[in-house]
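Order-wise, the sequence lines are chains C and R. Just remember that this note's numbering sits 247 ahead of the position in the first sequence, which is counted from 1. Just remember that this note's numbering sits 247 ahead of the position in the second sequence, which is counted from 1.
Bear in mind the hints are in silico, worked out from the structure with no lab data behind them. Quick reminder that beta carbons are idealized off the backbone N, C-alpha and C, glycines included. Check each hint, because a few of them may be wrong.
[As the list claims (entries may be wrong)] Calculated lysine-lysine pairs in the PhoX-like style (CA-CA distance at most 25 Å, straight line): (1) C:Lys-643 - R:Lys-556; (2) R:Lys-489 - R:Lys-374; (3) R:Lys-654 - R:Lys-643; (4) R:Lys-353 - R:Lys-374; (5) R:Lys-489 - C:Lys-278.
[Unchecked claim] With the C-beta cut set under 8 Å, the calculated list includes, among others, these residues of chain C facing chain R: (6) Ser-385; (7) Asp-666; (8) Asp-672.
2 protein chains.
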Amino acid sequence: MKHFFLFLFISFSISVFAQENESDKDAFFIKDIYNTALTEGQAYDWLMYLTKEIGGRLSGSPGAAAAVEYTYQMMDSLGMDTVWLQPCIVPHWVRGDKEICRMISKRMGTVELNSLALGNSIGTGKKGVSGEVVEVKSLDEAEDLGKQGRLRGKIVFYNRPFDQTQINTMAAYGGAVDQRVFGPTMAAKYGAIGVVVRSMTNKTDDVPHTGVTRYRDGHECPAVAISTIAADELELALQEEKVHIYLRTTCQNLKPKLSYNVIGEIRGSEKPDEIILVSGHLDSWDVGTGAHDDGSGCVHSLDVIHILKQLKYKPKRTLRCVMYMNEENGGAGAYAYRDSSDVRKEFHMAAIESDRGGFTPRGFTADGHDDIFVNKFKKVIEWLPLLEPYGLHLRKGGSGADVSKLKDQKGLLFGFEPDSQRYFDYHHTDADAPDVVNKRELVLGSAAITALVYLLDKYGLD
Amino acid sequence: MKHFFLFLFISFSISVFAQENESDKDAFFIKDIYNTALTEGQAYDWLMYLTKEIGGRLSGSPGAAAAVEYTYQMMDSLGMDTVWLQPCIVPHWVRGDKEICRMISKRMGTVELNSLALGNSIGTGKKGVSGEVVEVKSLDEAEDLGKQGRLRGKIVFYNRPFDQTQINTMAAYGGAVDQRVFGPTMAAKYGAIGVVVRSMTNKTDDVPHTGVTRYRDGHECPAVAISTIAADELELALQEEKVHIYLRTTCQNLKPKLSYNVIGEIRGSEKPDEIILVSGHLDSWDVGTGAHDDGSGCVHSLDVIHILKQLKYKPKRTLRCVMYMNEENGGAGAYAYRDSSDVRKEFHMAAIESDRGGFTPRGFTADGHDDIFVNKFKKVIEWLPLLEPYGLHLRKGGSGADVSKLKDQKGLLFGFEPDSQRYFDYHHTDADAPDVVNKRELVLGSAAITALVYLLDKYGLD
Chain C
248 MKHFFLFLFI SFSISVFAQE NESDKDAFFI KDIYNTALTE GQAYDWLMYL
298 TKEIGGRLSG SPGAAAAVEY TYQMMDSLGM DTVWLQPCIV PHWVRGDKEI
348 CRMISKRMGT VELNSLALGN SIGTGKKGVS GEVVEVKSLD EAEDLGKQGR
398 LRGKIVFYNR PFDQTQINTM AAYGGAVDQR VFGPTMAAKY GAIGVVVRSM
448 TNKTDDVPHT GVTRYRDGHE CPAVAISTIA ADELELALQE EKVHIYLRTT
498 CQNLKPKLSY NVIGEIRGSE KPDEIILVSG HLDSWDVGTG AHDDGSGCVH
548 SLDVIHILKQ LKYKPKRTLR CVMYMNEENG GAGAYAYRDS SDVRKEFHMA
598 AIESDRGGFT PRGFTADGHD DIFVNKFKKV IEWLPLLEPY GLHLRKGGSG
648 ADVSKLKDQK GLLFGFEPDS QRYFDYHHTD ADAPDVVNKR ELVLGSAAIT
698 ALVYLLDKYG LD
Chain R
248 MKHFFLFLFI SFSISVFAQE NESDKDAFFI KDIYNTALTE GQAYDWLMYL
298 TKEIGGRLSG SPGAAAAVEY TYQMMDSLGM DTVWLQPCIV PHWVRGDKEI
348 CRMISKRMGT VELNSLALGN SIGTGKKGVS GEVVEVKSLD EAEDLGKQGR
398 LRGKIVFYNR PFDQTQINTM AAYGGAVDQR VFGPTMAAKY GAIGVVVRSM
448 TNKTDDVPHT GVTRYRDGHE CPAVAISTIA ADELELALQE EKVHIYLRTT
498 CQNLKPKLSY NVIGEIRGSE KPDEIILVSG HLDSWDVGTG AHDDGSGCVH
548 SLDVIHILKQ LKYKPKRTLR CVMYMNEENG GAGAYAYRDS SDVRKEFHMA
598 AIESDRGGFT PRGFTADGHD DIFVNKFKKV IEWLPLLEPY GLHLRKGGSG
648 ADVSKLKDQK GLLFGFEPDS QRYFDYHHTD ADAPDVVNKR ELVLGSAAIT
698 ALVYLLDKYG LD
């Protein structure tokens, strides 16, 4: 019995010692990752090229094609085992002329409202459309009025603002964006001739925010976003008198085009069938240059490979880097990737998406199929002590529009979560440009994602 | 016995229930604090006035006097019990003409280096000074060369850059700033005729960063900071050939002036002798408008009072709000406050300083006299579950230049710790202006500090 306890004690000691040793090794390696990112990270230089030299990258545009070419070359230069283009058919929407959105009333006369047509929306035709404005705060309110026949021939103004009390601005966006995505089709269903949506932002300024709208069942009408200052003006005017809006957009949905996801892979040395994916989306809106959305996510993902290569790290599992095409207005890249992966019966043990900007990292959200989430997340949580010194948390939450499509493969899905406070100052606007990205904030993102990839690769999720 | 256990069980339940109830109440109140800050916080509006209407506020300047007047009025408008000005005698340094720092070498010819005279430094006189450049990386290296007589008649160039691998940029600053503070006096001690210091920043750009220098034992020479791009150019040139610098500054230390700390107080209803202090410093450098440094800290502190007033909160302990004068180049305000407080035998149970900018809050650092720190900090750590949902940590670390002078009163000293990544992009430069402050990031700071004040007031530190 005495010997048994001695044995137990020794086993225990060895195990604790081994553990501590391993944990120290991990801590040192993660520090190396951060040092490399902060001194040799390439994310910022790549992003400057992507935004300053290439610019806006809307699906189907020359910019998107140039970005495919550029990131293919960059990936190739990183010495991955394989780099390839994966075809997908993307919508090809073009904005056309500068939008006109004119508020007209007796008391105020004519006031120009700063606007941007919503992505995928139809145009008004060159003559434009004119109608009385009906303000609503929700889809339900629009539907109610619609059923009473009160939207017919009207311009519907969706004006529910962001909830400023949400600490995470993503939650405020989530609570308002239904107006932009489904507002126009709802209004069209009840005979509205146009839609004006309050811009999706926390900020009060004169910058309109575009973004996708989705028509259902053939219910279509022209739709623009107006700046929050313009929305406040319109709201005030409507409290006083009847207001008309003249709207002119010449945007068009052209014939779909062939485009590509850009993919690179380092084959795992021990468990090549367990894939760890890092990703961002290569397309952006046509206004601005998609610096935060989602140039940042693309260069983060490339930098993960770069940093691990600098550190001569050989992954046990297969590490794949994907620049998705068409996240903004269709998801064609994500579907093409998922379909191809399913056909080949691949297993994404973990898939990480960076699509919330290049701000200071706060951590990761994790998601997954109900069958596996709790157990796999428990495993990941054990790594928190290694991540907390870098100000990183792990919490349950959505992953990302692209990688979430891999849920049925029953791996763990992660969304990189940087600080959210400034994201909607720039999101889908002219202001999403290189000058609003801070180099250190950006490369700290590269480091955070690389650290998670390292732990996933080393320990797996079983 | 059975009854005894039943009794124990009931007592335990009641105590757990009471605790949970109290903790829920706290969580609700802290949520109210955040909601109020995010929807009615005044910090941003005050900061816009302080920076756009008043501007730079160097001690002794008309801007500093205007800021005293303005914040006195603001404090008065908040309905505090008492508002007063506390006199202090401040240094009165003026920059004079735009600095000239000219690099001259055979190969390169004459190159202008973007520079700013260091605060409190003496001028070169109108003719300027010229000398061969000697580059050093540290005070020790300067001293070694000085003892060998190799600095006499020379211009010493301090060129140790920020350590980019520090995650917290404050640590990188701490590791480099001795060159600016003590480099000039060290060089002067060994006969140098001027000093050029690499700017204190992570960023590679052409913006020079001023800041204070301190002469000791009468060893004085003119000193400027040059931009990091200029420093890199100078470093490169020195690898090739001898380089001379022509330096011209006309800064002067004028006669000290009378200035003030601005102080407001709400008298505690139950324990008025336990003071909780919130503070920032009202003075700034003359370049830029001190938006982050430390306009933010001032308006944070005012906003704490505003938010608690909005919520009709009556503090049990005395709540004091201090706008310190002269943090940047002397600390006269902090000494005046400390001396007056000690004479009156006051006890600052807790003193919080916000002087690290108006960026997204990450938490608080805490410090205190060795006799009390461990026990009092243990108490504070118990509140973490209430602060963590807002992304706030608590860690041991320095408090702030002003409140640290209260250490001997044996209360707990806190430094508000926002995200540090962008701070040294702006610190002590022309760029520290209203446009680089984000409203939500700023008011989240007001909320974080108010939450800590609430917990300190409610529970004390015994």
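Outcome of the hint check:
no.: 1; hint: C:Lys-643 - R:Lys-556; in the structure: violated (36 Å)
no.: 2; hint: R:Lys-489 - R:Lys-374; in the structure: holds (22 Å)
no.: 3; hint: R:Lys-654 - R:Lys-643; in the structure: holds (14 Å)
no.: 4; hint: R:Lys-353 - R:Lys-374; in the structure: holds (22 Å)
no.: 5; hint: R:Lys-489 - C:Lys-278; in the structure: violated (39 Å)
no.: 6; hint: Ser-385; in the structure: violated (20 Å)
no.: 7; hint: Asp-666; in the structure: holds (5 Å)
no.: 8; hint: Asp-672; in the structure: holds (7 Å)
The structure fails hints 1, 5, 6 (numbered hints given earlier, in ascending order).
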